[in-house]
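Engineer: Please construct the entire structure, taking both the sequences and the accompanying hints into account.
Chains R and V are the protein sequences, given in the same order. Positions 1 to 112 (the working numbering) are the ones given, in order, by the first sequence. Positions 1 to 111 (the working numbering) are the ones given, in order, by the second sequence.
Just so you know, the hints here were simulated from the structure itself, not pulled from any lab data. Among the hints, a few may not be true.
Unchecked claim - Within a straight-line C-alpha distance of at most 25 angstroms, the following computed BS3-like cross-link-like pairs (lysine-lysine) qualify:
no. : chain 1 : residue 1 : chain 2 : residue 2
1   : V       : 57        : R       : 2
2   : V       : 57        : R       : 99
3   : R       : 99        : V       : 65
4   : R       : 67        : R       : 99
5   : R       : 67        : R       : 56
6   : V       : 18        : V       : 57
7   : R       : 99        : V       : 69
8   : V       : 71        : R       : 99
As a plain string of letters, each chain reads:
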Amino acid sequence: QKEVEQDPGPLSVPEGAIVSLNCTYSNSAFQYFMWYRQYSRKGPELLMYTYSSGNKEDGRFTAQVDKSSKYISLFIRDSQPSDSATYLCAMRYTGTASKLTFGTGTRLQVTL
Amino acid sequence: EAQVTQNPRYLITVTGKKLTVTCSQNMNHEYMSWYRQDPGLGLRQIYYSMNVEVTDKGDVPEGYKVSRKEKRNFPLILESPSPNQTSLYFCASSSEYNEQFFGPGTRLTVL
Chain R
1 QKEVEQDPGP LSVPEGAIVS LNCTYSNSAF QYFMWYRQYS RKGPELLMYT
51 YSSGNKEDGR FTAQVDKSSK YISLFIRDSQ PSDSATYLCA MRYTGTASKL
101 TFGTGTRLQV TL
Chain V
1 EAQVTQNPRY LITVTGKKLT VTCSQNMNHE YMSWYRQDPG LGLRQIYYSM
51 NVEVTDKGDV PEGYKVSRKE KRNFPLILES PSPNQTSLYF CASSSEYNEQ
101 FFGPGTRLTV L
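Structural biologist: This is the structure:
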């Protein structure tokens, strides 16, 4: 069993829809949770970063962490075609800035 | 501009021919890492470095070497590449209080 599970998709939604992307994990020692966005033929770029449980909002994006359920989510409101990309969840322990464990990524397609 | 650069961006080589992929960052970051990305497997860490002359194995280190002689550079060395090392490789850097910043990737094909 992988430490971090993520549905690979693809997920196709119409423009303007609310998108929900999710990851589950098995190691309760993870404390920092991230979402990266990766466009085709590009490197991942950090989108959202959350420490421990709770919500964090940044514009159209909201990240949620539920440590009791070992479940993290990324919500995208008013989705745009420019949001079409692969979204990778990642997590790490305290004190290990260089050691990330990634999910396999969910490919999102936002259609006109 | 803050960035991580990798060279080459694309490489086709043959089994057993030693190669080096360079990585450089201009953000004075202490931490640097190498990942490979494969379909269905996601990003897996190969090696990481916490500072000059300090390196450690990640999840899939077999067949790879690294060195960190300068803070800004972290080359990935394949002494004897094999076809199963065909992959998309990413270098990343971070400071202790900021999350990882990725390079543009190197697509390697080993024939």
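Engineer: Could you run down the list of hints and mark each one as holding or not?
Structural biologist: Evaluation of the provided hints:
no.: 1; hint: 57/V x 2/R; result: holds, 19 angstroms
no.: 2; hint: 57/V x 99/R; result: holds, 10 angstroms
no.: 3; hint: 99/R x 65/V; result: holds, 17 angstroms
no.: 4; hint: 67/R x 99/R; result: holds, 19 angstroms
no.: 5; hint: 67/R x 56/R; result: holds, 14 angstroms
no.: 6; hint: 18/V x 57/V; result: holds, 20 angstroms
no.: 7; hint: 99/R x 69/V; result: holds, 20 angstroms
no.: 8; hint: 71/V x 99/R; result: holds, 18 angstroms
Going down the numbered hints, you'll see the structure goes against none, and every one checks out.
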